[in-house]
Amino acid sequence: MKGLVSNVSGFLRKALPGFALGGIAIAIVALLDPALAKRAEGDATVAALEPSSGDAAVPASAPESCSTAQEVSGPSVSTRWGPVQVAATFANGELCEVHAIAYPYGDNHSARISDQVIPYLDAQATQVGTSFDAISGATYTTEGYRQSLQALLDSVRA
Amino acid sequence: MITRASIEVMGTVASMAASDHRATSEEIARCFQDAADVLREMDQRFSHYKRDSAIARYEAGEPIAARDATDIEYVLDQCGTWEGITEGAFHARNPLTGALDTAGLVKALAIERAVEVMAQTCPDVLLNVGGDILARGAADPDRPWRTAIRGLNAPEQVHQIVDLRDQGIATSATYERGDHIWRREPGTASPGSVSVIGPSIVTADVLATASFAAGRERAQFLDAFPEYTVIWQ
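Just so you know, the protein sequences line up as chains A and B, in that order. Just so you know, we're using the working numbering here: the first sequence kicks off at 5 and counts up by one. Just so you know, we're using the working numbering here: the second sequence kicks off at 0 and counts up by one.
Misleading hints may appear alongside valid ones.
[Unchecked claim] Have a look at the derived ranges for each label pair, beta carbon to beta carbon:
| # | chain 1 | residue 1 | chain 2 | residue 2 | range |
| --- | --- | --- | --- | --- | --- |
| 1 | A | Ser-71 | B | Asn-93 | 38 to 46 Å |
| 2 | A | Ser-71 | B | Arg-66 | 54 to 62 Å |
| 3 | A | Gln-74 | B | Glu-216 | 46 to 54 Å |
| 4 | B | Thr-69 | A | Thr-72 | 53 to 61 Å |
[What the hints assert, rightly or not] Under 8 Å between C-beta atoms, here's a sample of chain A residues computed to sit facing chain B:
| # | residue |
| --- | --- |
| 5 | Glu-75 |
| 6 | Phe-136 |
| 7 | Ala-138 |
| 8 | Ile-139 |
| 9 | Ser-140 |
| 10 | Gly-141 |
[Stated by the list, open to error] Negatives, chain A to chain B, calculated, CB over 10 Å:
| # | residue |
| --- | --- |
| 11 | Ser-69 |
| 12 | Cys-70 |
| 13 | Ser-71 |
| 14 | Thr-72 |
| 15 | Ala-73 |
| 16 | Gln-74 |
| 17 | Val-76 |
| 18 | Ser-77 |
| 19 | Pro-79 |
| 20 | Ala-95 |
In short, the hints are calculated from the structure, not lab data. The beta-carbon is built from N, C-alpha and C at its ideal position, and this holds for glycine as well.
Full structure from sequences and hints, please.
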């Protein structure tokens, strides 16, 4: 498994100074809302619609730097569209980056292609004169991603 | 000021936004909760993935509540009607397994109902569920709700910005994936997308799905929907 270029790491470091499964779950959900990256002063997010799923402990023997961190993969989780599997790297008690290493590819009929919207957020910051409230297109399916990520985090805790 | 919330539902993310220029923050919180309730109820009724959903029990011949049965039959009837209108390009069967798959239409219907509930109290709302978006009112007295249609070739690519004025937008697509990110399945379709914009998100979703399946040369059924804008990539 090769390491991946990811814009996730920068964004997650800003969004997640700590390491908490509930926080990651909310952050992943939040990351799929593109306007959060460019929220105006005073915007608020109502977070009370979904219960938090609790915290995960910081790995005890985490590597020092993200560039040397080993990638750990979660289990393959089957979803309605096919298998999903995530992998992540950790350093200094922080999540460096997370990415899917296997994701289903739909057919023309269902056209429910899932994709990673996270890079949008970094890119959005560089769009000249562009701001928008929502993105139309296939968006991330979270079921399998969260399950694989949760299992991965649980195994790193152990 | 725009307030936002997101929930996971229907195997994807539902993002809602409301402007406070004609609603209080208490009203907005109430609207968001109402929308979440509608989406979750629809998911519980129609999810093919939940073993105890009403539609799963319906398909297994098990008894279900009358309200669920009525709604399921309504959706199946709608799927049949749309299959006729699109000459089979839209259908509610998985082509590989033959299994019933109402997910697309149900998602759009859920959006329609959730926005209808929200708009009773909050005139300026936007709801995005898995890339299907419906908006009412405006983001600001001076600015309409604004959406971006994704480009094909990079996750951050924006093809076009579309303002929604009491309209919905739905997109059917496949996107290019770099080998360094995704394991590409064999027989992958080449990238392309269709976005449809118009007053009904259900119609827009069906037309986007059907047009994408049929292809640009064979989507003549679109001629019957002049009030809908179609954007091909």
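Verification of the hints:
Checking the proposed 38 to 46 Å range against Ser-71(A) and Asn-93(B) shows it holds: the Cβ atoms sit about 44 Å from each other. About 56 Å separates the C-beta atoms of Ser-71(A) and Arg-66(B), a value consistent with the hinted range of 54 to 62 Å. Taking the beta carbon of each, Gln-74(A) and Glu-216(B) are about 50 Å apart, inside 46 to 54 Å as hinted. For the hinted restraint 53 to 61 Å between Thr-69(B) and Thr-72(A), the CB-CB distance of approximately 60 Å keeps it satisfied.
The beta carbon of Glu-75(A) is not positioned within 8 Å of any beta carbon in chain B (closest approach about 13 Å), and the interface hint is therefore violated. Given hint, Phe-136(A) at the interface with chain B, holds; its Cβ is 4 Å from that chain's nearest Cβ, closer than 8 Å. The beta carbon of Ala-138(A) comes within 4 Å of a beta carbon in chain B, closer than 8 Å, and the hint placing it at the interface holds. Taking 8 Å as the C-beta cut-off, the interface hint given for Ile-139(A) holds, the closest approach to chain B being about 5 Å.
For the restraint placing Ser-140(A) at the interface with chain B, the shortest Cβ-Cβ distance is roughly 4 Å, inside the 8 Å limit, so the hint holds. For the restraint placing Gly-141(A) at the interface with chain B, the shortest Cβ-Cβ distance is roughly 3 Å, inside the 8 Å limit, so the hint holds. At the 10 Å boundary, the C-beta of Ser-69(A) stays outside the reach of chain B, the nearest C-beta of that chain being 21 Å off. With a least CB separation of 17 Å from chain B, Cys-70(A) remains clear of the 10 Å interface cut-off, as annotated.
With a minimum CB-CB distance of about 17 Å to chain B, Ser-71(A) clears the 10 Å threshold, and the non-interface call stands. The beta carbon of Thr-72(A) sits about 20 Å from the closest Cβ of chain B, which is more than 10 Å, so the claim that it is off the interface holds. The non-interface label for Ala-73(A) is consistent with chain B: the shortest C-beta to C-beta separation is roughly 18 Å, beyond 10 Å. With 10 Å as the threshold on Cβ separation, the claim that Gln-74(A) sits away from chain B holds: the shortest Cβ distance comes to roughly 18 Å.
No Cβ of chain B approaches the Cβ of Val-76(A) within 10 Å, the least distance being about 18 Å, so the stated non-interface status holds. The beta carbon of Ser-77(A) is kept farther than 10 Å from every beta carbon of chain B, the shortest such distance being approximately 12 Å. Remark: the non-interface label on Pro-79(A) is consistent with the geometry, its nearest Cβ contact in chain B lying 16 Å away (cut-off 10 Å). No Cβ of chain B approaches the Cβ of Ala-95(A) within 10 Å, the least distance being about 21 Å, so the stated non-interface status holds.
In this structure, only the earlier hint numbered 5 is contradicted, and the remaining ones agree with it.
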